[in-house]
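Participant: The hints should help you fit chains A and V onto chain X, whose structure is shown.
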Amino acid sequence: MAPIIRAERLELYYGTHPALRGITMDLPANQITALIGPSGCGKSTFLRTLDRMNDLVPTVSIRGRVLYRGEDIYAPGRDVTALRKQIGMVFQKANPFPMSIYDNVAYGPRTHGIRDRGRLDAIVEESLRGAAIWDEVRDRLKKSALGLSGGQQQRLCIARALAVEPDVLLMDEATSALDPISAARIEELILELKQRYTIIMVTHNLQQAARVSDRTAFFLLGEVIEYGPTGQLFSMPRDKRTEEYITGRFG
Amino acid sequence: MSRLSPRRRAYDMAVRALLYGSTLLTCGLLLALIGYILYRGVPGISWAFLTTADSVLQGTVGILPSIRNTIYVILASLALVLPLGVGAAVYLTEYARNRRLVGAIEFATEILAGIPSILYALVGAVVFCQVLGLGKTLLAGSLTLVIMTLPTIIRTTQVSLRTVPQSYREGALGLGSGKWHMIRTVVLPGSLSGIVTGCILAVGRIVGESAVLLYTAGLSTMMQDFSTIEALMRSSGATLTVALYVYAKERADLAAAFSVATVLLALTALINLAAGLVGRKHS
Amino acid sequence: MRRRRPVETVMSAVFLLCGLVAVAFVLLITVYLVLSGLPAIRQVGLREFLFGTTWASTHATQPQFGILPLILTSIYGTAGAIVLGVPVGFFTAVYLAKAAPAPVAAVVRPAVQLLAGIPSVVYGLVGMTVLVPWVQRTFRLSAGDSLFASIIVLAVMILPSVISVSENALRAVPKEFEEASLALGATRLETYLRVSAPAARSGIATAVVLGVGRAIGEAMAILMVAGNAANMPSLFESVRFLTTGIAIELNYAAVGSLQRMALYSIGLVLFLFILLLNALLGLVLREGVDR
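Protein chains in written order, with the working numbering: chain X, 382 to 632; chain A, 2 to 284; chain V, 23 to 313.
Bound conformation, chain X alone (with noise of 0.2 angstroms):
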């Protein structure tokens, strides 16, 4: 199966810091890829140039090359725009607007043009079922999005993320902040949404790692040190350092 993206020789220097040390790796479409390692390692960064948010940085410089279905997202006149909405992305933290529980999930459509009443409320309803928390909201699309409570704020998150009609879902310690429940249902929710859309988390969590990703990549000092199916990776640690941070031994 041909990778929907493709990492080649990536490196990423802050200012003139080293934060990715050359990545090759390919990321298989409609699959849940885990990224691990201790903190600091480049994971969240390397998740982060996958729809550019790294841009926003000032100092960051970026060599290699980023092949989404085969194109280079790096490559001069590239539209960033057009790419994060292909590549969504749901951060460690909830991050509602302060608007409406409607508004947050329409506003990606209306950016990208959509006006027509009818068919936003259908992508709003559409998007908060797939994300699974319709039926809590239903009843009050029109209050704060503010007023939710932090797991049903990061559903709504990835339900805002969905309603622009992603590709890829890049979720960045999606549940870190969140009680075990809700992790647990956000859990649920990704393993659903792996039908329709190629998932690629970071994640603090290694049974969560085990439990949701079909393979695992694990991360250190800005390299990966190996990347391989989930079963394999957590049973049979090819590499030493692996195996002595599966089995906490450091990190």
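It is worth saying that the hints were derived from the structure and are not from the lab. Being a predicted model, the structure only gives us computed values, none of them experimental. A hint or two may mislead.
Computed far set for chain A versus chain V, every beta-carbon distance over 12 angstroms [stated by the list, open to error]: (1) P44; (2) L65; (3) L76; (4) L79; (5) T164; (6) P166; (7) V187; (8) M223; (9) D226; (10) T229; (11) A232; (12) L233; (13) R235.
Pairs of lysine-lysine residues, derived as DSS-like cross-links and limited to a Cα-Cα distance of at most 25 angstroms, are as follows [unchecked claim]: (14) K524(X) x K474(X); (15) K524(X) x K197(V); (16) K575(X) x K474(X); (17) K474(X) x K120(V); (18) K523(X) x K474(X); (19) K120(V) x K197(V); (20) K197(V) x K474(X).
For every residue, glycine included, the Cβ atom is placed at its ideal position computed from N, Cα and C.
Facilitator: Here is chains A and V on its own, set in the frame of chain X:
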């Protein structure tokens, strides 16, 4: 790869044009303002202009009296408003326990900050000039300005008092010093730069103020006698802003008015610079 | 336990007194404005005073004290300044808070502060020597002193406070909101206007209210460009504001005369406007906290 839709591209361009256009307009206005004032004002500025009084006989203009009056008003106002304002701020941050009283004082400060200067002029003209019998004098003007600048001093002092770490206070009190001693030796020195900033802002307001002084301090551009306390109490005259108004409106001497404007512009720039420097040191 | 030292008692009383002074000043101003403002209103009649359309305070036989032209001029003038000044100020603030490269912002910000610090008589002087003749020429008027010229001067004068207050509000918008919007494929500019600005709306509303306060309270600058005839307001007519209505006559109205007392009454009306604005500001800020 799809590019931004034409509609969104147009939106982006329009917003960009608005942002740049507005900023350019703001900066352009300022530059034009400064340029024009300097163009018309600088030629009239000379050593004699700054160091003499108007002379009807020689037909020359000099703003020394206005400069002296301005300095008088600044010093007299600050001498009163500084202890009052700092004291009020100390009360609010260090002493007050009664929330309703704190609320009342802060509310009053807000109201004072929002009152337009023409109303201060009206009140000053009656309370100080008439009722207290001071007449139109620099003293009456200064007293009115005390009320006007009080909120500035209270607020900036309050803000800087809050930045003094609680641990300093506890440290001082823990060593057995009394509250007043603690305030005098730890809290006030720790917030000095904030108090200085407040003073600079107050000076800025006083230098720029005209309505209050026009109606409470007088219009004379003659040299005042500052030699004795009694003379100080009685002197009456125009500060720089009032002098500008008098030259422009009553004597139709626009050249002199623009030269005064140039001096005021330089003072404003200096005051902003000073406030910026102290503020930077503070943070 | 040691007894409290006397100096402590004295000093805490002194500080309390300082705190009370601000309250006393407000009471003094309020009481004074009410007491000295009411007699003329009583004499003229509230309805005649507020809704009378003729202000002829110095008429030898039949002085008239209707301040409707002054009230309307103040309202129109302020509204005009807001309509012109707020958009320019808002977009400048967005540029400074979000889009400006650091070195550019480092130059523009002090420039805005300088604009804020320039004394109002200086604005008046330039308005009177440049703007007024220009208005006269451009619109082929017999005189350029007008509501229009006043509105332009006021618009420029409210710019700095609108810019700096909005800029602070925009900077306080959490970065997460903007990141989320960008991640959905919005451009930066779309993000600033559709996410950052709504998120900062209470701060921006505060900026507008402060702008209104500055415009409605300004006296000296417009005294020099408004023409000061108490006409019912019209864009190219000579007009008199509440503030300039006081300013123009205060120095020569005889103490104790009805004319002078009527000036105090105008002051009272202006004061009520300002209190109303303060209440509005409180409301805006409270809404900001609730959100």
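Participant: Any hints this thing doesn't respect? Which numbers, in order?
Facilitator: Of the numbered hints given earlier, the structure breaks none, since each of them holds.
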